[in-house]
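Under our numbering, the first residue of the sequence shown is numbered 1, with each subsequent residue one higher.
Heads up, some of the hints might be wrong.
Quick list of in silico lysine-lysine cross-link-like pairs, BS3-like style, CA-CA up to 30 Å [said to hold, decoys possible]:
# : residue 1 : residue 2
1 : Lys83     : Lys68
2 : Lys83     : Lys101
3 : Lys101    : Lys141
With beta-carbon atoms standing in for the labels, derived distance ranges [said to hold, decoys possible]:
# : residue 1 : residue 2 : range
4 : Asn75     : Leu24     : 39 to 49 Å
5 : Ala31     : Glu99     : 13 to 23 Å
6 : Asn120    : His71     : 39 to 49 Å
Calculated from the structure, these hints are not laboratory results.
Note that beta-carbon positions come from the ideal geometry of N, C-alpha and C, so glycine has one too.
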Amino acid sequence: MVALVTLMALLVPFLMVVLLVAALAVALMVALVTSLMVLVGVLLMVSLVITINKDTKVPNACLFTINKEDHTLGNIIKSQLLKDPQVLFAGYKVPHPLEHKIIIRVQTTPDYSPQEAFTNAITDLISELSLLEERFRVAIKDKQEGIE
1 MVALVTLMAL LVPFLMVVLL VAALAVALMV ALVTSLMVLV GVLLMVSLVI
51 TINKDTKVPN ACLFTINKED HTLGNIIKSQ LLKDPQVLFA GYKVPHPLEH
101 KIIIRVQTTP DYSPQEAFTN AITDLISELS LLEERFRVAI KDKQEGIE
């Protein structure tokens with residue numbers, strides 16, 4: 001009985017830390033999904049937050065400048081773009097650490113526009129992150145029900 005109480009005393013703080021980390025991860029995913037949804041809304045509304053410039057040096061390429069974003073969103077969008085077989089090149093940069101914007105360069109095959117590739121990448125990211133969030137919430141719920 002003493003061993004069981006000792007084991008429980010050790011497990012409770014560990015499980016509380018696990019739940020805290022899980023809650024923080026859910027909050028981070030919700031923030032990322034929200035940010036991507038806002039980005040799609042902005043892209044579809046052609047707001048001033050995103051500017052699209054045709055790249056004159058490279059055929060079938062565009063530069064997407066997204067204000068008030070950083071490496072987090074730039075890297076995830078670039079990675080999603082590179083999964084598309086019709087995207088020949090995708091990269092991003094932050095022009096300067098004091099400038100809060102990213103510039104994403106996308107080059108596609110001639111029969112596929114960079115704008116279409118960008119929109120599809122954002123839509124796919126939202127779907128993937130929503131699914132991940134849902135599965136994570138189910139796993140947390142299952143874990144909590146297993147504890148009680």
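To see whether the hints hold, each was checked on the structure:
1. Lys83 - Lys68: Roughly 25 Å separates the two Cα atoms, so the pair holds.
2. Lys83 - Lys101: Distance of about 23 Å is within 30 Å: holds.
3. Lys101 - Lys141: 37 Å, violated
4. Asn75 - Leu24: 39 to 49 Å: 20 Å, violated
5. Ala31 - Glu99: 13 to 23 Å: Hint holds: Cβ distance 22 Å, inside 13 to 23 Å.
6. Asn120 - His71: 39 to 49 Å: 22 Å, violated
Checked against the numbered hints given earlier, this structure breaks hints 3, 4 and 6; the rest are met.
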